[in-house]
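> Here the protein sequences line up with chains A and B, keeping their order.
In the working numbering, each residue carries its 1-based index in the first sequence increased by 31.
In the working numbering, each residue carries its 1-based index in the second sequence increased by 49.
Treat the hints as calculated values from the structure; they're not laboratory data.
Hints may contain errors.
Quick list of simulated restraints, FRET-style, between CB atoms [claimed, not checked]:
#1 B:Ser131 / A:Thr202: 39 to 49 Å
#2 B:Gln159 / A:Arg102: 36 to 46 Å
#3 A:Glu81 / B:Asp68: 40 to 50 Å
The C-beta atom is built at its ideal place from N, Cα and C for all residues, glycine as well.
Given next are the chains, with one letter for each unit.
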Amino acid sequence: MSFINYSSREINCKIVYYGPGLCGKTTNLQYIYKKTNPEQKGKLISLATETERTLFFDFLPLALGDIKGFRVRFHLYTVPGQVFYAASRKLILKGVDGVVFVADSQIDRMEANIESLEDLKINLSEQGYDLEKLPFVIQYNKRDLPNIVPVDELNKVLNPNGVPYFEAVATQGTGVFETLKGIAKLVLLELKKNY
Amino acid sequence: MTNTAINLVMYEDEFKKIDEELQRLYQQSNAKLVFLVDKNGQLIAIAGETHNVDTTSLASLTAGNIAATGGMARLLGEKEFSLIYNEGERDNVHISLVGQWVILVVVFDQRSSLGLVRLRVKKSSEVLARIFDEIHQKAESAKKEGKIEESPFAEITDEDIDKLFR
């Protein structure tokens, strides 16, 4: 649910990074934060445990520029990936405009990916959303690790509808901005459809 | 989108009314800062001492707070808890729901009191709730009639979007 303010000439859109525990959602936001000009970003807020596991959410506001005289702001959120934070995870999806699913490419994390994607669909439907109708992209993260699933295989299992996907190594920044751009584009095109 | 929620669109007139009400509340409650956030964490309007305050982050955390409290309420069989109060050594924060759409936050120190804030918040909430009802009614009837005019976004091009990432 984007917020369009004609008075301040701003559009605000909410993008949520979803995925299993330790797949690299927070790392994506940290890289974006590191590489964005100071005037384009706000503070990166992390509500995390002492061991740096996301407890509630990470939040990064970005103002990338103007479209048709409106300042476009993206609010990026991550969810806590760990299974037992289900209740908190659900809350973050409220009012979402676009979802990035960050999948962990490692073979032994496939189960976790599938489980998390199912969890996403259920949580969205509880909020009245349908993943198939929402701006949605997938990021295959950790492509630099040795025991990884080939992209074809990942697409077969996680991306049957053929949404845009991006290969990434979030720790090095590879694919991070491509993913953000991919979802931003879909969100803005959705805005065009609805207005 | 299957979601029943409609996008929040705010025009100059309504914004002015909201701003006036927030200014009134700010003065009458002797607050330091008064702001309105939608339930998704987006700041709608603000009045008071805003310098050196990261309002965007405050807005997002406020919505997270309300969402978490709402989650607790449902687990306990309540519809929602309509009020959160945080007491600090210097500043206190009074967070309350206005209608079903927005969250009103008042930050105050010893120049005011909880009683005064509660009283003034109650009055302003009624006014603000009416304004937001109007906004939503307007948006819904516009949607029904398919009357979505003067859209600045109908003409977004791929080039516009690419430009954001240059």
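> If a hint holds in the structure, say so; if it does not, say that too.
Quick rundown of the hints versus the structure:
1. B:Ser131 / A:Thr202: 39 to 49 Å: 43 Å, holds
2. B:Gln159 / A:Arg102: 36 to 46 Å: Holds: the Cβ-Cβ distance is about 37 Å, inside 36 to 46 Å.
3. A:Glu81 / B:Asp68: 40 to 50 Å: About 41 Å separates the Cβ atoms of Glu81 (chain A) and Asp68 (chain B), which means 40 to 50 Å holds.
The earlier numbered hints are all upheld by this structure, with none contradicted.
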